[in-house]
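Peer 1: The lines below spell out each chain.
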Amino acid sequence: MASSSNDKPELSRSACRAFDLELSAFLEGERRLEVERHAQDCEFCSVVLADLEAIREASGALPLEDPPARMWLNLRATLAAEGLVKEPVAWFERFPGFAWFEWAAPVGALALLAITAGLLVRTPGRLENLAPADTTVALLAPVEFDVSPELAKTVTGLEENYAAREAKLDPAIKATYRKSLDSLNDSIKECRATVEAKPSDTLAQEYLMAAYAEKAEVLQSALEDVR
Amino acid sequence: MRAPGSYLKATNCHLLKKPWYRILLVFLPISLLAATDPVQTAKVFEFQTSSAPTITISNLSGQVTVRSWDKDSVRAACTPSSPHVEVDAEPMPASGRADRVQFLTHILDPSVTGEAAKADYMLSVPVGASLEIRNRQGHVQVEGLTGETWVQSVGGSITVVDPSGHLDVHSIGGDVEIDRPAGHVEASSINGSLKFVDPTSTKIRGTTTSGRIIYEGDFAPGGEYVLSAYSGDLDILCPASASFEIHAQSVKGRLDNGVDVIRNQHDATPRGATSLFGTHNTGKARLDLRSYSGTIRLRTMR
Chain H
1 MASSSNDKPE LSRSACRAFD LELSAFLEGE RRLEVERHAQ DCEFCSVVLA
51 DLEAIREASG ALPLEDPPAR MWLNLRATLA AEGLVKEPVA WFERFPGFAW
101 FEWAAPVGAL ALLAITAGLL VRTPGRLENL APADTTVALL APVEFDVSPE
151 LAKTVTGLEE NYAAREAKLD PAIKATYRKS LDSLNDSIKE CRATVEAKPS
201 DTLAQEYLMA AYAEKAEVLQ SALEDVR
Chain G
1 MRAPGSYLKA TNCHLLKKPW YRILLVFLPI SLLAATDPVQ TAKVFEFQTS
51 SAPTITISNL SGQVTVRSWD KDSVRAACTP SSPHVEVDAE PMPASGRADR
101 VQFLTHILDP SVTGEAAKAD YMLSVPVGAS LEIRNRQGHV QVEGLTGETW
151 VQSVGGSITV VDPSGHLDVH SIGGDVEIDR PAGHVEASSI NGSLKFVDPT
201 STKIRGTTTS GRIIYEGDFA PGGEYVLSAY SGDLDILCPA SASFEIHAQS
251 VKGRLDNGVD VIRNQHDATP RGATSLFGTH NTGKARLDLR SYSGTIRLRT
301 MR
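As they're listed, the protein sequences go chains H and G. So for the first sequence, the numbering used here puts the first residue at 1; every next one is plus one. So for the second sequence, the numbering used here puts the first residue at 1; every next one is plus one.
If you are wondering where the hints come from, they were derived from the structure by calculation, not from laboratory data.
Straight-line alpha carbon distances no greater than 25 angstroms define the calculated SDA-like cross-link-like pairs of lysine to any residue that follow:
(1) H:189 - G:231
(2) H:179 - G:152
(3) G:252 - H:193
Listing some non-contacts, in silico: residues in chain H with all C-beta distances to chain G over 12 angstroms:
(4) 30
(5) 33
(6) 36
(7) 37
(8) 39
(9) 40
(10) 50
(11) 56
(12) 58
(13) 79
(14) 148
(15) 149
(16) 150
(17) 153
Predicted model only: the values in this text are computed from it and were never measured. We put the beta carbon where it would ideally sit given N, CA and C, even for glycine.
The whole structure should be built from the sequences, with the hints applied where relevant.
Peer 2: What follows is the structure, encoded as C-alpha cells:
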C-alpha cells in the first residue's frame, strides 16, 4: 500500500510482517524455522523475539491472583439483571402449602443455640476449656505482610533485563521511564516502611501491591520499546 | 537608487574579482540546501470501510489526531518528519470495505531518534469506529467516537472528547483528559494527571502515582467511581444536587470535605487510615476515593 523509495526496505518489511504473523505460533511452541531464520538476519526482530521470550519466562513466574470478591458480586448482579442467571429457588417455595418450611432451619438453629447455652451456664468450667489462652494472643498478634517472593523476583528480573538494555532507548523515552520507575520505587519504599510500622494498615498494603504491579507493567512496556 | 552591480563595485573587494570565489559563492548555498532534509509532505490514504471498523495506529513519536465524521470511510494524512521515517497503511480485507485498517510507522534508519523519528497523523474515521493507538511520544487527541477506544503512550498526553464507547487510556508520563465521556472509563498514569470533565459514565476508574486527579461534574445514578492517587491530590467538584455514597480514605494525606455528608455508622475503613464514609443527598452513586499522601478535596460547584 505504501510507496517506497527503494526496494530493500519494502522487502525487509514484508519479511518482518511474515515474522510478526508467525511469531505467536512460534512462542506457543510450534516449529517455525522462518521465524528463527529471520531473527538471525534482522536485528530489530531478534530483539523483539528476545524480549518476548524474556517476558514469557518472567510472566510464567507471576502468581495467579484471585479477582476481588466484589467483582463476582457485580458480575452476578449484572447477569441476574439481564436475566441470564436466576437466584436458586428452594423446593418448598414452589409449593405454597409448604411455605412454613422456610422458617424451619432458623427456628431449629435457634433451638440448638438455646440448648447449648443452657448446658454451658449450668457447667461454667466448660467455657474456659473451649478457648485456650494462647488463641487470644494469636488473634491479637499483627499479621506479617509482604509481597509474594515470586512477584518480587519477577520485578527484579525485569528490572535487571531493562537495566541491561536501557541505553538503547531514545533519550526522551528513557527519561520518562526512569522518572516513572523512580516514582514507583519511592512509593514502594514508603509503603513498605508504613506496613512495617503498622502491619494492620490494609490500605498501605494495597498501595504496596499496586506499586509492584505497576512497576512490572512499566518495565514490560519499556522492554517492548527497546529496539 | 543604486544601479545593479554597483554594490560590488562600491565594496572594492579583491576576493570577489577572483573567479573561484564567485563559483564558491554560488555553489555553497546550493550544497547547504542539499545537505538539509527536504520538507516532508503529507501522505494521504483513503479507504472505504464498514460503519464500525477497527483502526490501529502504531507510531513512535508525533501528534495523532482522530476525529469522527459521518462517512463510512477513513481518510488519513500522515506526515513523516524526515526521509528516515515511512508510514504504511494496510486495510483488511484488502479489497472491498475494510473492517480493519492498520497504520504503522517505520524507522528506516534505527540510529535515528528524536525529532527526525516523528510522524504526525490526522485521521477522519466513521463515528462507530473503534481505535487502538500506541504512540510513545507526542499528544493524542480523539474526538466524538462511539466505538471502543484504547490509547497507550509512554510520555505523551492524551485528550479524549465526547467518547460514548468503552475507553481505556494509559500514559506513563503524560496527562490524560477526558471530556464528557458516556461509556465506561479506565484511565491511568504514573507521573501524569487525570482530568474528567462533565462525565455521564456509570463507571470510571482512574489511578495515578504522582499526578493529580480532577473530577468536575455530576455522578450518574447507580454509577461507580473509583479514583486513586498516590502522592498527588484528588479534587472532586460536583453540583450540590449530586447524589452519592462516599468512601474516602487516605493513609497519610488529608481529607478536606466541603460537602454535607451524613456519616455512616458502620465504617468499613481499614485500620490506620483517615477516612470519610457517608452519604450526600440520597446516595445514588458510589464514590471510592483513595490516596496515600495526597489531599482529597470535595467541593460543590457554585
